[in-house]
Amino acid sequence: MTWEIDYLALAPELVIVVTLLVVLALDLFLTRPNKYWTATAAVAGTALAAIPLVILAVEGENVSMFEGSYVVDEFALVLKGLFVVSAYLVLLLSHHYIESERFYQGEYYFLLLASVLGSLVMASARDLIILFIGLELTTGPLFLLAGWRKGDAKSNEASVKYFILGVLSTAILLWGMSMLYGLTGEITFAGLATATAGLADEPAMIVAVLFVIVGFAFKISAAPFHFWAPDTYEGAPTPVTAYLSVNSKAAGFVAFLLVMYLALPELSEIWAPALWILAAASMTLGNLSALRQSNIVRLLAYSSIAQAGFMLVPFAAAAVAGTNIEEGFSATVIYLVIYALMNVGAFATVIAGANRTATGDIDGWAGLGKIDARLGVLIGIFFFSLAGIPPLAGWFAKFAMFRAVILAGGTATVVLAVIAAVNAVIALYYYARVIKAVWLDDAPAEVPARAETPPSVSLRLALLISAALTIVIGFFPAIATFVGDASRIIAAGG
Amino acid sequence: MVETIIFVLMGLAAIAGAITVVMARNPVYSAIGLLGTLFAVAVLYVLQLAHFVAAVQVIVYAGAVLTLFLFVIMLIGVDKEENREENLRFQRPVVGVLAGVIVVMAAALTAFGDFDWVPASGAVIPEVTNGTIQAVAEPLFTDWVLAFEATALLLTIAAAGAIALAHYRRRESTDG
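Residue numbers (this note's numbering), protein chains in the order written: chain A, 1 to 494; chain B, 495 to 670.
Hints listed in this document are in silico derivations from the structure and should not be mistaken for laboratory results.
What you are looking at is a predicted structure, and each value in this text was computed from that prediction instead of being measured.
Heads up, none of these hints are tricks.
Output of the computed footprint for chain B on chain A, the stretches with three or more beta carbons under 8 Å from beta carbons of chain B: (1) 59-71; (2) 114-121; (3) 203-209.
Every residue gets a Cβ at the ideal spot worked out from N, C-alpha and C, and that includes glycine.
Based on the sequences and whatever the hints tell you, model everything.
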């Protein structure tokens, strides 16, 4: 028995576990009008989880547990910080929404926190089994949450589509992983990295790696494995959609990048071209489909597919070129962090806007800026940031992306950069279309001048935090660079 | 040699069961087909000297889970006619072609890949062949305790979520 558990290093996860059990127990004893206490407990618990994260970050000590399967290093801490912050924001978005629509509250927060726990586990996972269980823990609750509007056929469709395609992708992923294990006898990333050396020509290895890529591509909704995303995003309750497109996507990305970067660096000639294709297809298909959307949530769904493409660009480009992979990896992580923060804000404005105009149609939002100037400005901030307009945070994500691509060099890379540049312009068009509707179009007469129910305090707080982060990172990209540096350290250590 | 023969027999049995699951018109036959597959796979586990996993496979899957399936089938009713109309007219030929591609790929892999699966490449086979419970339990509660506990949570999620989704409040038939 030579195993030890460092409870401080596990503290963020443990705090979340305790919180979700408390929420579930509270739900049992509270009467219907008092159910909002479960939300309070969930928000408080998530905030508490940040404390051990800060302590661990200050200590700055790398902890490795379970024979190197579970690692708490700077990279893991930064991503856990991201997951906790974005989960906190999503909980704030959920609070009023879930209560006013009279959904089950206790179970909602229980499931959401379980998903957060999964993403925390994934950031530290350094072997295939823990990674897989983290991934299941992240996506499993979301199959259920997508169908939380039980009486609504669209929500049922969202849940069933997500479930069936999610399970299929999981099966493919697991098949690929089992082949990786079968071929090498290794389950840890470090072991796989050495054992796969020189096996890039092996046909079974090619199949294994491609299966793993297909499985992850479903999770991050990269084209051509994105078909579930728009329907699921549209049908699910909006806070769940925000969570899907931010946390669960980010967690999927982290897992994907970790496996490729830490476990299979020797096989980059297999996966690099596949990633290149995924990136190019996601950007192009996502953006072109987004052009034709009239519903704001569907627009954001396609936009998040396209953004997944942008995120893959630096890593794929560097891997194809075979140079500066560290730079590519850190640029992808920077993009991921910035995207998560601004996209959560975009969904917060969608909830506020839908609340104000009682519609999710972009045309229905005409003149919103004249009625409610503050909301109009916020919509402007988040959508321009998603488009990558300086000085909002989105510009730095795009800057880091193109910088990494230029550093990588090579023909294939340049082609990918051109595709990305063209797509950035297309994206600007449809993001700007929303802003045009809000600010330049005339408001239809029937929209009331005052909102029936003002946005809740928690929604305002979520908007404030994400807007502040979007603007501050835009002006001081050094914050995001810190994230990138943390991911360069993993490169050295892994 | 014996191992190969048993493997081929049980592999074929597993595939035959799987095909029955998909093709049978009567859902009870599908369930029985699944039973066949589960048993065949259990024998494959025994072949790998994983007696404990084989026993669990039979008790949990073939025993508990399948009984549950049969209960559900009986509750829904076996004699109800299912709507078998297909809206996508080309899906059958397309699936046929794709299945063919996969078979060719698998055949090519087996024929041209010169790879060693784990046992040959030096993985550890547990020494005590009749003590695999211990061999499973020890790593499960030491090296893999985190994964184990997380899986326990997964089951809680499934239970809580399924009840929340299936529970029907009478007064809220439209907005659940």
